[in-house]
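J.: So the sequences go chain by chain: A and B. Per the working numbering, the first sequence starts with residue 1, numbered consecutively. Per the working numbering, the second sequence starts with residue 1, numbered consecutively.
Just so you know, not all the hints are guaranteed correct.
Not everything, but these chain A residues come out facing chain B in the computed CB check (under 10 Å) [as the list claims (entries may be wrong)]:
| hint | residue |
| --- | --- |
| 1 | P138 |
| 2 | N266 |
| 3 | N492 |
| 4 | D503 |
To list a few chain B residues with every Cβ distance to chain A over 10 Å, as calculated [unchecked claim]:
| hint | residue |
| --- | --- |
| 5 | R67 |
| 6 | L88 |
| 7 | I118 |
| 8 | L133 |
| 9 | L158 |
| 10 | P173 |
| 11 | I184 |
| 12 | M215 |
| 13 | T221 |
| 14 | M245 |
| 15 | E249 |
| 16 | L277 |
| 17 | L330 |
| 18 | G342 |
These aren't lab readings, by the way, just hints derived from the structure by calculation. Even for Gly, the Cβ is constructed at its ideal location relative to N, Cα and C.
Chain by chain, the residues run as shown.
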Amino acid sequence: MSDMRISRRRFLEVTGGLAAVVAAPSLLSACGGEGGTSPSDAASANNAVRLPTYTPWDQVSPDLPATPEGVMAGFYSYPTPVDAFSSPPLAGAEPVEILTSLLGPLPPAAGDNAYWQELNTRVGTDLNLTMTPQADYPNKLATVFAGGDLPDIMLINTTLANRSDVLTRLCADLTEFLSGDAVNEYPFLANIPADSWPNMVYGGGIYAVPIPRAVVGTIFFSRADLIAERGLNPEPADFAEFRELAEGLTDAANNRWAFGGGDTGNGKNVITFVGNMLGVPNAWKEEGGAFTSEHETEERKEAIARTAELVQAGVFHPDAIGGKLQERELFGNGTLAFRSDGYAGWDILADTYPVEVGAVQAPKFDGGGPGVVRAGATSFGYTAFKKADPERIQQLLALCNWLAAPLGTSEFMFRKFGIEGTHYTMENGAPVRTAQGDTEVKVPLEYVADSPHVLGPRDRARVDAQRAYQEAAIPNIVRSAAEGLYSDASVNKGGQLTKIADDGALEIIAGRQPIEYWDTVVDNWRRQGGDEVRAELEAAFAEAH
Amino acid sequence: MATELETTSAAGRDPRPGRWRRLGLGRGTGRGAGTRGGDGAGRTHGAGPAGAHGPRASRRVRFRRDRFLLLLGVPGLLVVLLFNYVPLIGNVIAFKDYQPYIGIWDSPWVGFDNFDVILNGDPAFVNALTNTLVISFVQIVVVFPVPIALALLLNSMLSERLKRVAQSILYLPHFMSWVVVVAIFQHMLGNAGLLNNFLRSHDWATLSIFGNPDMFLTLITSQVIWKDAGWGTIIFLAALSRVDMELYEASAVDGASRLRQLWHVTLPSIRGVIVLLLILKLGDVLTVGFEQILLQQQQVGADAAEVLDTYVYFNGVIGGNWGVSAAVGLVKGLVGVVLVLGANKVAHLLGERGVYSK
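With the hints as constraints, model all of the structure from the sequences given.
T.: Take a look at the structure:
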C-alpha cells in the first residue's frame, strides 16, 4: 500500500467524508501506523502551533494612537520616509509568478508601465502578476487548482472548497520560517498583529501569510453630498427612517437608486445592514455551549423579509438583483447612493471620485440607540506559496516582507505612489498623483501582502470623520462565537454553505419565493454541512472551556 | 463536404467487397439524377476504383499502393487519439472519489456511488436536467430552422453586392464572445438598459426582460439566433448553390410558381444536408450554451437557469464534488451518442444518407 493511500485515508477521517472510515479508526490506524485524527485532534494540533511573535515596527508615531479595542491609529501627515532595505530583496532570483485578485481598474502591462518596471528593479526580479477581477476570482482559483499548474504565490479566498486540504497538500509549509521568533528574519511580517495569524494555521502548520485587516470591517457608505442636497436625514434613527432615506434618494426617472446588490449581486449588503439593526449574530452565537448560526435566527429571516420589501419598493438599481454592477463606479457617478464596502473603501471612493463620502451607522430596528457592527475578518485572504525548496520559500517570504513595509518607509511610498516626480509630486507634505501615476500605480500588490492599515495620512477632516465613525462603531462590535475555534467542515465546506444561504436569500428578495422558503434553505444548509460545523464547533468549545 | 469525406473513408475501410459493390451500384443508379448524390457517388468511385472494376485487391496490395497516403494520415490520427481519445480515460473519475490534490490514480474507487444523484433523482439534478431538455427542445424546434429560412432568403436576393453585404453583417455576431453579446443585450434590454430607461423617463411601464425567469427561455433563444443564425447559413448556402439550375428551368417551363419550386426543387435538393446537420445537432443537444447561461444565471436563479453544464461546473469545479460531476457529464455524453446513433438509424430507415452511409 502506497503512502498516498494512507494519507488519503487520514484525510477522509479528518473531514469525516466517509462515515464508515470514521467509524473504524482503529482499523485504519493499524494500516496507517499512526493514530487516527479526529476533528478535535486536528484542532489541538493547530492549537499547538507557535504563532509568529508580534514585534510592532514603531519608528513612526501616529497622531491618534490605536486603541486596544481596535480603533485604528490615525495620521494627519506623512512622516519623513526612511529606507528600510539597503538592497533589492530578491536580487538575482528567478522571476516570481503571482496570482491575485483585482478590485480596481487593470493597470497597463509591465512593458508599458514605468511603475511596474521600477518595481521589478527595486525587488530585484520580475514580478509576473495574473490579475482576475474580484467577482470571478473564486472561479479562477478553483480552476487553477484543478489544472494543477500553480504560480509561486497565490491569494486564496475563503470560499475555496476543501481549503485546508488544498493548503496542506499543494502549498508550502511555512512553519519553520515564521513560527515564534523565526519571523524576526522578516521584520515587517512580524509587524502583522497576532490576531491575523491563527487563521493561517492548518494541519498543525502555518501555510499562509495574512493580509491584515482591522476589526471595524465593512462600512455602509453613503453619498453625504446627495443626502444633503435633498435635505434628507443622514442619520436614520430606526428602520422606518432608513427606508424613508432610501426612498428619498431614489429617482427612477433620472436613473438614481439607493442600493446596488453588493459585490456579489445578491443583496447581501442590505440584508446584512438591516440584520445589524435587528441584532443578527455574527456568523455564530453561543449559549451554554450550544451554537446557533446566524441563518437559524428569526432576526436573519426578518432582515431578509424587510430587504425583500425594499426591493419591492423600487429603491434598488433595476439590474442590482442577481447582476454584477460596477458599484464603485456607479457610486462615484451618483447612480447609487449607498455602497457597502470594506473600511479601506472610504479613502478609495473619496480619492477616486469628486464626492463626499459618509458612513451610516445601523440604528436599532425600532429605534433607541445603535444596532450592532459585525467584526471584520482579520485577514483579507491567505497568501500561500507553491511547494518549493527552502531557498525559494525564503525568497518569496522576503518579497512579502518587502511588500509589507509600513507607512514611514520609502518602500511604502513607492508601493502606494510610485516614483516621485513621475507618478506623484509632494505638495504641502502629501503626495499628489500625476496622470501617469493614476493609470500605472494600479498593480494590486496590496492583495499579495500588505502592512497593517492605519487611518490617513489624509487631511484632518477626513481622518477625524473616519476616527469618529470607528469610535462610535467599535463599542457595538459583535464577534463570532466561533472565533478561535477550529472546524474542518467550516473551512472546507464554508464556500458551499455560504452559497446555499446566499442563493436562497436571493430567491426571496428577487420575489421568486415567499419568505417561508427561507426555512427550506436553512434545512438544506443544515443537511449540507451546517450541522456538521455546529457539532465540531461545540466539541472544540467544550474542549477549550 | 464532410459527408463525402466520411463516405469515402468509411467505404474505403470496408473490407467486404460485396458490400462495397452494392454501395457503388446503389449510388450510381438510385441517386444519379440528384446533383449532390451523383457527385458523392462519383467521388466514392474515384477513391476506390477497384470497387468498380472486378474483385477488390488484397489488403497487402492495397497497403503497398496507399502507403504514402496512409503515412500522411498518421499525424492526424495521433492528434485525434491524443486529444480526443486519451482524455476519455479521465472519465474514470466518475467511479472514484476524486480530488485534484490527490490525483486520479490515488483516489479511491467508489463504484456507482457518484451516480446516486442520477439514479435517486437529486432535486437539483432533476431541475438541471428538466431545464436542459426544455432548452434543447426549443433550440431544435425554433433555432435550427432559422438558418435554413435565412439561407433561402439570402439565396433569393438578386443583387450580388447586396447579398454580400447582408451576409457579412449576419456573420459578424458569430465572432463576438458571449460576454460581449450578453453585455449588448443587457445594455439594450436590461432593466436599466436603453429601452427601459427610455420608458421610465417617459413614465411608461417598463418591460422586465432580464431577471425575469418567465422570459429567460425567450431571451437566451433570441440571443442564440442573433449570434449564430447568420453563421449557420453558410453550409445551407453552399448546398443551395449546387442545386441544378436546369431543374428550375424545367419546373418554370411546367408553370411552377416560386413557392412550388421551393417545395419541389430547392428543399428536396438540400434535404440531405438538413438531415445531416440535424443529426449532428442532436449529438450535442444537451450542451445548451454553458457560457451564455452561466453569465445570466444569477439574475433569474437556478430554478430557471440551471442546466447540466452549469450543474457540473458548480458542483465539480467550484464545489469540489468532482466524481459526481464527472458521472453527470459521462451520462450526458452517453445520451448524446445514443441520440446520434438513433437519429442516424431513423434517417437510414427513411432512405436518407445520415452521418455515414450504410
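J.: Indicate, hint by hint, whether the structure satisfies it.
T.: How the hints compare with the structure:
no., hint, in the structure
1, P138, "holds (7 Å)"
2, N266, "holds (7 Å)"
3, N492, "holds (8 Å)"
4, D503, "holds (7 Å)"
5, R67, "holds (40 Å)"
6, L88, "holds (18 Å)"
7, I118, "holds (19 Å)"
8, L133, "holds (21 Å)"
9, L158, "holds (45 Å)"
10, P173, "holds (22 Å)"
11, I184, "holds (14 Å)"
12, M215, "holds (13 Å)"
13, T221, "holds (20 Å)"
14, M245, "holds (53 Å)"
15, E249, "holds (57 Å)"
16, L277, "holds (33 Å)"
17, L330, "holds (17 Å)"
18, G342, "holds (34 Å)"
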